[in-house]
Amino acid sequence: MGLMSKVPGWGMAMGMVYTFKRFVQPKVTIQYPEERQDISPHHRGRLVLLYDEAGNLKCETCFQCAMACPIEIIDMGGVDTKNRMHVHWGPPEQYAERREESALRRSGRPVSDKAFAAWLPIDLGPLERILVANDYDPRRLLTVLEQSQATYGYLPVAALQHISHSTGAWYSEIYGIATSYPHLVFEPGRVAEIGLCRCAACSLAGGGKVRDALVEALGIDVGGVTPDGSVRFSAADCGGDNGGQPLVTLDGQRQPGMTPDKARDLAQKLRAKSAKAANA
Amino acid sequence: MSVISRPWNRLSLAGKIILPLFLLLIALTVLLLAGWQLGLIPAVIELLAEVVRSNIDIFRFILTATLTLLITIPVAFVIIYMEMKVIAFLAGRIGPNRVGPWGTLSSVFHGFKVLAKEDFTPTGADAAVFTVAPIITYLSSVLTLLVIPFAPGLVGLDMNIGLLYFFAVSGLTVVGLLTAGWSSFNKYSLLGGLRAAAQIVSYELPLLLAPVGIIMLAGTLSLNQIVIQQSGWFWDWYVFQQPIAFIVFFIAAAAEGNRTPFDLTEADSEIVAGFATEYSGMRFGFFFFAEYVNVFILSALTVVLFFGGWNAPIDPRPILEFFRIGSLTPAIDVSSMGIWLLWVLAIGVPLLVLLIALPLWLLKSGWSFLKSLVVAFVLFNVMAIAAVTIWAFLSFEVVVGLFWFIVKTFTFVFIFVWMRGTLPRVRIDQLMGFAWKWLVEIALLNVFVTAGAILLVQELARQ
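Chains as they are written, first to last, in the numbering used here: chain A, 17 to 296; chain B, 770 to 1232.
Hints were generated in silico from the structure; no laboratory data involved. Be aware that one or more of the hints could be misleading.
Stated by the list, open to error - Straight-line alpha carbon distances no greater than 30 angstroms define the calculated BS3-like cross-link-like pairs of lysine-lysine that follow: (1) A:Lys22 / B:Lys1206; (2) B:Lys956 / B:Lys886; (3) B:Lys956 / A:Lys43.
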């Protein structure tokens, strides 16, 4: 070859030979609509999150993608439909590690976040006892969840994950059940409960105005929990004995003499307390 | 009028075309029969034949010129298709495959596209010269086809100065390119035209000097005679006596035809298209056509000069004599068959179709008899065409000659395309330097060596 390369035109001839080999080789083109490339059935292309016409993220963090993922590569955290930042899929300790790491990298200090506490690892012993008592039956999920909340005071994500792993119920199912019952909460800390009676007598006594004030102050209607998880707004029953005033309860205790202004003050006070606790 | 117009309007489009044709056919038949009966038509035919016979040169000229112009169109389309397909194959792609079977019609549709585009003349351009320039380029390519022998007897004009005529006419390309560049009123076009002229004039020299050795060997300038001199086995072709001349000629031909690696005049991949910058529509199409006709003509000339033209690579006569076949006369004398010809056509064809259909019907159990009949008819046609082609190939040396000529020529067209798919473009100084510093000298040396060798052989033969 060393000698032959000195011959004029040798390189051109070799180039011609090379292209002729290509000429007789099978062609690489795939006639797309008629032929399809042989793609692995596991292939899903590149994963992207889509936005709707208004520019809002379409992803509702339902975790169906994470569950369907055969190699469990999807690890996601986000804001759920009620704007409570505790949605997560994946091992909590791993996520916590990464979160701290990224916070350190970005700001130079680890960020303590109240919402982040929900992802922390927990002692699974009591939960395991509850599960044994319920025979690991996914049909008794509500009981399990209620007992867990009674034990831990709230529903930690790690507990939900453990329930999912040990009962075989999908995380999204458990999460769906947990979010559809207002008495199940995901944050540690006490939830103040404001009750309002909506019977005809209370409504005539000005219950509608109180309700409007509370809705304005809390940002939620009856049956909901505020986004920060500090106040639950539920229905109460005066039993016909309202004393000429709309019945409002705070953690089951009657609050007599409630006016719309007072109700607003009460709600704001409760929320402010919770916010202070979060900042501490 | 409504008696005619109402049924006419009810006809479909196909009916509107077929009905007048049908009426015309009836009228023509009646006229023909009447004319034949009255003796008018034989008289007219006699008169026409007499006119043709007495002006054979003029008719031959008109016929040849028309055929020469017409033949360039399919040739250019085939070469354009071939170029697209072969370059795609060289690059590992499939190439055009959407228009027509295997994309064969895509070059035709390229032609339609060029026809449909706006024919634009820039402001300030010399409109007359601007229009004439592509015609000069095209004609200088096409007119050279006149002297190329396609097959024994199939040559437009067997000039005794055929080669000289060829180079003289193809040299006119320079005029076309220069006028195109100059008349565009654009400095880039002018520069492109000058570059093209410089390249083509430079490479004309080795292109002319390379065949001088062959002219000395053959003793004639007539291309037809040069081909006849190479008859016999393939080692009688001049390429084996003049290999250096062949290499020089082929390189010069690539430059003359503006082919890669010497396609600087209209480098496709660069922004300004040289002398053709201001051209659009069919005027550009003429340049484009001329380029591809040029490829064909230069391949044909290479074949004629160096590869025996229409001669077959093997001489069949000694083989036939060896097997004691003697003279082969496969020609069927149709005129001696009389009424039997009619019987063969009327009964033989359906019988053969049935013969093919029966085994199909019996063996392919899923097929209906009608389907097997249709398939058998198609098969019969294919076989009949193949049989007629083989018969023609064996019977007429024109067909044999044309076959070998086309095969060889398209081999060289393929090599040109192959080169285009492989080699990069050279620089203008490399291009000019290569022509003047290498090719001209090699070609001159070849002339002297050939002359010396011829003298030596003659001297040896005399002793």
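These are the hints, each one checked on the structure:
1. A:Lys22 / B:Lys1206: Between Lys22 of chain A and Lys1206 of chain B the Cα gap is close to 19 angstroms, so the pair holds against 30 angstroms.
2. B:Lys956 / B:Lys886: 24 angstroms, holds
3. B:Lys956 / A:Lys43: 43 angstroms, violated
Checked against the numbered hints above, the structure violates only hint 3.
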